[in-house]
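Chain by chain, the residues run as shown.
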Amino acid sequence: MKYAFRALVVALLGFVLLPAVVACVSAFDTRALIAFPPQGFTWRWFHRALTYEDFQVGFVNSLYVAAIASTLAILVGSAVAYAIDRYDFAAKRVLEAVLLAPLAIPHFTIGLGALIVASQVGAARGWFVVVACHVVLVLPFVLRSLYVSLKNMDPRLESAALSLGAKPGRVLLTVTLPGLAPGLAGGWIFAAILSFNEFTASLFVTVQRTQTLPVAMYNYVREYADPSMAALSALYILLTTVVLTLANRFLGLGRILGTEDVRH
Amino acid sequence: MQRPFLRLFVTPAALVAAGFLLAMAAILQYAVLAHIPGELTPGGFTLRNFQEMLKPLYAGVFFDTVRLCFLTAVLALLAGYPLALAMVRARNPYIKSAILIISVTPLFLGEVVRTYAWLIVLGNQGFINGFLLWLGIIDRPLTLMFSTGGVVMGLVHVTLPVVVIMLSAAISHIDRDLEKAAVALGARPLRVFLTVTLPLSMPGIVAALTTGFAWTFSAFATPQIIGGGRVNMVSNLVYSLGFSSFNFPFAAALSIAGLLLTALSLALFKLLLRPLERMGAK
Numbered sequence: 001m002k003y004a005f006r007a008l009v010v011a012l013l014g015f016v017l018l019p020a021v022v023a024c025v026s027a028f029d030t031r032a033l034i035a036f037p038p039q040g041f042t043w044r045w046f047h048r049a050l051t052y053e054d055f056q057v058g059f060v061n062s063l064y065v066a067a068i069a070s071t072l073a074i075l076v077g078s079a080v081a082y083a084i085d086r087y088d089f090a091a092k093r094v095l096e097a098v099l100l101a102p103l104a105i106p107h108f109t110i111g112l113g114a115l116i117v118a119s120q121v122g123a124a125r126g127w128f129v130v131v132a133c134h135v136v137l138v139l140p141f142v143l144r145s146l147y148v149s150l151k152n153m154d155p156r157l158e159s160a161a162l163s164l165g166a167k168p169g170r171v172l173l174t175v176t177l178p179g180l181a182p183g184l185a186g187g188w189i190f191a192a193i194l195s196f197n198e199f200t201a202s203l204f205v206t207v208q209r210t211q212t213l214p215v216a217m218y219n220y221v222r223e224y225a226d227p228s229m230a231a232l233s234a235l236y237i238l239l240t241t242v243v244l245t246l247a248n249r250f251l252g253l254g255r256i257l258g259t260e261d262v263r264h
Numbered sequence: 001m002q003r004p005f006l007r008l009f010v011t012p013a014a015l016v017a018a019g020f021l022l023a024m025a026a027i028l029q030y031a032v033l034a035h036i037p038g039e040l041t042p043g044g045f046t047l048r049n050f051q052e053m054l055k056p057l058y059a060g061v062f063f064d065t066v067r068l069c070f071l072t073a074v075l076a077l078l079a080g081y082p083l084a085l086a087m088v089r090a091r092n093p094y095i096k097s098a099i100l101i102i103s104v105t106p107l108f109l110g111e112v113v114r115t116y117a118w119l120i121v122l123g124n125q126g127f128i129n130g131f132l133l134w135l136g137i138i139d140r141p142l143t144l145m146f147s148t149g150g151v152v153m154g155l156v157h158v159t160l161p162v163v164v165i166m167l168s169a170a171i172s173h174i175d176r177d178l179e180k181a182a183v184a185l186g187a188r189p190l191r192v193f194l195t196v197t198l199p200l201s202m203p204g205i206v207a208a209l210t211t212g213f214a215w216t217f218s219a220f221a222t223p224q225i226i227g228g229g230r231v232n233m234v235s236n237l238v239y240s241l242g243f244s245s246f247n248f249p250f251a252a253a254l255s256i257a258g259l260l261l262t263a264l265s266l267a268l269f270k271l272l273l274r275p276l277e278r279m280g281a282k
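Residue numbers (the numbering used here), protein chains in the order written: chain A, 1 to 264; chain B, 1 to 282.
These are calculated hints, taken from the structure and not from any lab test.
C-beta atoms are modelled at their ideal positions from N, C-alpha and C, and glycine is treated no differently.
Each hint should be verified, as a subset may be incorrect.
To be verified - The calculated lysine-lysine pairs, modelled on DSBU-like cross-linking and capped at a C-alpha distance of 30 Å, are:
id : chain 1 : residue 1 : chain 2 : residue 2
1  : B       : Lys96     : A       : Lys2
2  : A       : Lys167    : A       : Lys151
3  : A       : Lys151    : B       : Lys55
4  : A       : Lys92     : A       : Lys167
5  : B       : Lys270    : A       : Lys2
6  : A       : Lys92     : B       : Lys270
7  : A       : Lys92     : A       : Lys151
8  : A       : Lys2      : B       : Lys180
9  : B       : Lys55     : B       : Lys180
What the hints assert, rightly or not - Reference listing, derived: stretches of chain B covered by chain A, where coverage requires no fewer than 3 residues with Cβ under 8 Å from a Cβ of chain A:
id : segment
10 : 74-85
11 : 219-233
To be verified - With the C-beta cut set under 8 Å, the calculated list includes, among others, these residues of chain A facing chain B:
id : residue
12 : Ala23
13 : Pro106
14 : Thr109
15 : Ala114
16 : Trp127
17 : Phe128
Looking at chain A on its own, in the form it has when it is part of the complex (with noise of 0.2 Å):
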């Protein structure tokens, strides 16, 4: 019973494992073709797509995307959680409704929507639609990240400091910002991974100049079948999973995701 549980588990997360593995794997293949098991060990594919045009300019783009719009997700987030934690306001339930809508809101719905929009206005596909897009769908997350870390934070500290002729300033500085570093370097962490993986949305409101890696490599895969993507995967997998184990490392990946009962 137990050991058929445990061998459960292990095929389970072997299904989870299998895709990366096998495009690991693919990526040395020396044939230019998507099939297993590879024939032959070459590195040929890594330098392909190290250095193919559209990828290069889709990772900077990415890279910029999901800086900016996991920052600005962090400063419009973090303020509006401890408005809505701590203080009481119109219309507040409402506010905070529509900023969490979005999860619920399919991407592709999103996107053509914020390309009408940028239409009707006139306005181009610039960056501003493409990071705009980001901000919204990202937010959600650094909310709930944020949250947790309110719900951890006692909130007499700050009466204390308030009582002790601290000005709100010197208080929001000194007193709940650091309380609140770790669910901020999570918060931030989780929205600008999610921005820089963005795919459905950014598919939607991108035009080759602002072209982001994962529309780039949509594009790639949908018009040549050699192992560069593989290549890239390997890449990708190798850098996301170094990220999250240092993320769990040093905030607790389950305490920013919610899957540990904190209070335990």
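The hints should help you fit chain B onto chain A, whose structure is shown.
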């Protein structure tokens, strides 16, 4: 009550919310405008977009989408539950972290990388066919690409991380003393699981099913690439109407119908699953 910096804190978020609502309003508006072939600017008010949707071609895609979402949510639940249980209950912190990282990494890889990897698994010369041919179980490759089975496999993989996250949150809230009490009273492990753990995780199961359904509905790259035009979901239809036919009003109407359909399915789900959810509330 003192509310320092209230306006400063809320205004930026209100602007983001306004931008989002503007995009949604734009879709609503386009959905009831006429498409003029060859023109990007839509014409006047019409309800034809919604009538058009009742044609078998489009209605069929809606039906397939709901079927795929439902099947995927159920399969992801069946696969996700053991993973979540093993993760929450692992005593060894390394095993716990390993299960967590392996289960959620796909979520952070993005749909394109994951779907591409599935091409190598499912292709005619891919991993599964290569393996089965080598074992001698089959003598010619199975058609897994462009098939419903292949798309479902990819979709389950895409939806699994979210389901695991929802389930493990619920399982970690279960009071373990209840299980210990059952064991002390002589119940075997399977009975403890069926009569204590499983009923108590029902709220998580319901949440995982509904979220899994909505998440799958949102999938685009998986049906687009693995389905290759032969297995279509609403997302693929919206994209091809927008970017192949430039019929944005119809694409908008389909998005709206899709949203309504998800909302309706989820409401129905909730209603049907209410007895299950109650089991856990006891």
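Hint check results:
no.: 1; hint: Lys96(B) to Lys2(A); in the structure: holds, 17 Å
no.: 2; hint: Lys167(A) to Lys151(A); in the structure: holds, 23 Å
no.: 3; hint: Lys151(A) to Lys55(B); in the structure: violated, 51 Å
no.: 4; hint: Lys92(A) to Lys167(A); in the structure: holds, 25 Å
no.: 5; hint: Lys270(B) to Lys2(A); in the structure: violated, 33 Å
no.: 6; hint: Lys92(A) to Lys270(B); in the structure: holds, 26 Å
no.: 7; hint: Lys92(A) to Lys151(A); in the structure: holds, 18 Å
no.: 8; hint: Lys2(A) to Lys180(B); in the structure: holds, 17 Å
no.: 9; hint: Lys55(B) to Lys180(B); in the structure: violated, 57 Å
no.: 10; hint: 74-85; in the structure: holds (count 4)
no.: 11; hint: 219-233; in the structure: holds (count 3)
no.: 12; hint: Ala23; in the structure: holds, 4 Å
no.: 13; hint: Pro106; in the structure: holds, 4 Å
no.: 14; hint: Thr109; in the structure: holds, 4 Å
no.: 15; hint: Ala114; in the structure: holds, 5 Å
no.: 16; hint: Trp127; in the structure: violated, 15 Å
no.: 17; hint: Phe128; in the structure: violated, 10 Å
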